[in-house]
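Novice: Here's the letter readout for the chains.
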Amino acid sequence: MMTEKEVIEKIRLLKQIKPEKKWVFLTKERILGKEPIFFPFLKPAFAGLLFILILFGLSFTSLPGEPFYLIKKLVERGQTVFVPEEERPKLELELANKRLEELSKIAEKNDVKKLAPAINEAKESVANATKNLVKSKKVDKEIVQKTLELEKKKQEVEKVLGTKITEEGTEDPTKLVAKYLIEDFENRTLTQDQKQILEKAKVYFENGDFAKVLELLLTIGQ
Amino acid sequence: MDKLKKEFSKIYDKYVEKIFRFVFLKVNSKEVAEDLTSETFLRTWEVFRQGNPKIENVSAFLYQTARNLITDYYREKGKAQIISPDLGRPIVDPRQNLEKQAILNSEMERVRKALSQLNEDYQNAIIWYYLDEMPIQEVANLLDRTVPATRVLISRAIKALREKLEKV
Chain Z
1 MMTEKEVIEK
11 IRLLKQIKPE
21 KKWVFLTKER
31 ILGKEPIFFP
41 FLKPAFAGLL
51 FILILFGLSF
61 TSLPGEPFYL
71 IKKLVERGQT
81 VFVPEEERPK
91 LELELANKRL
101 EELSKIAEKN
111 DVKKLAPAIN
121 EAKESVANAT
131 KNLVKSKKVD
141 KEIVQKTLEL
151 EKKKQEVEKV
161 LGTKITEEGT
171 EDPTKLVAKY
181 LIEDFENRTL
191 TQDQKQILEK
201 AKVYFENGDF
211 AKVLELLLTI
221 GQ
Chain H
1 MDKLKKEFSK
11 IYDKYVEKIF
21 RFVFLKVNSK
31 EVAEDLTSET
41 FLRTWEVFRQ
51 GNPKIENVSA
61 FLYQTARNLI
71 TDYYREKGKA
81 QIISPDLGRP
91 IVDPRQNLEK
101 QAILNSEMER
111 VRKALSQLNE
121 DYQNAIIWYY
131 LDEMPIQEVA
141 NLLDRTVPAT
151 RVLISRAIKA
161 LREKLEKV
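If you read the protein sequences in the order shown, they are chains Z and H. Going by my numbering, the first sequence opens with residue 1, and the numbers climb by one from there. Going by my numbering, the second sequence opens with residue 1, and the numbers climb by one from there.
In short, the hints are calculated from the structure, not lab data. Being a predicted model, the structure only gives us computed values, none of them experimental.
Here are a few chain Z residues that face chain H, going by a calculated C-beta distance under 7 Å:
1) 4
2) 8
3) 10
4) 11
5) 23
6) 31
7) 32
Positions of the beta carbon are idealized from the N, C-alpha and C atoms, including for glycine.
Please construct the entire structure, taking both the sequences and the accompanying hints into account.
Specialist: The structure is reproduced here in structure tokens:
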């Protein structure tokens, strides 16, 4: 005769009766409708984040006069807040380079509508870079290279558009950097060759060829 | 609506296996058990989503709905509720090896057949208490009895099952 415990053990064998997993899934789907596969970015909170990311993405390639350009500018301005004071001239030079690139693209496309805002953006940005250079009065190799790059782009754009990018009443950033660089080298002990290069650079400075000054003095620093 | 769906989805996940097994043990057919289980959840969802009247005890509501559907099924088909042991087959984990599975199937079938020969209260008491592992108070509520009366009923149900097992 079976004990009660044995009977209970036999009853528990029936626990193995289970519905098919596929049926369980399909029935739930039939009753409650299809459940979205879990994509976190489909949730409202993530959708907001995704929207912001898309805006940022779109803004990165936008040009002056386009709807998302303001976001691009805001992001860039936000970046400058977190940059230490001594690094700011480099960042402003970088931004000025970007503005000139944008202006160059617009000029290439001959997009007249965007041209005016792009010129203003470029002028403002170059002025900002100059302002920061004046403030810091320090130049290093990176600043010289970025300034040279800026000068090259500026000349190209000015040639195409026939207008000056450096705002009236403000100094030319290339001239400023050249001036600071000459002052810096004048206070250093130089070899005879280096002294000759410096003298040559001063002549270029007098003649207004500031880019050449930078190119020359960059060779001393190397 | 999404919140309700989420809530009901959890209820479904918690009870679907239990309700299916409960129904299967009464109808002994996988297809019929699937149909009736599905209908049980559909009807419960309809009431649940409207929230009027509010379902106080989801478990009790599901089992009562399943019981009503089983009764309707036998009434409509004019079938006796005690089923032939040859109908249908238990659903067990197919990953077990064939010999073991065969022994298990045969033993499960013996228990299922013995269980199906008990009266409805005995069957339900055994299923809810030993298979679904419900607290005695909940079983008592479902059976509409007091807790002591339910204990007595369960004890008698085990005794009756043992007798049936020794015969099948």
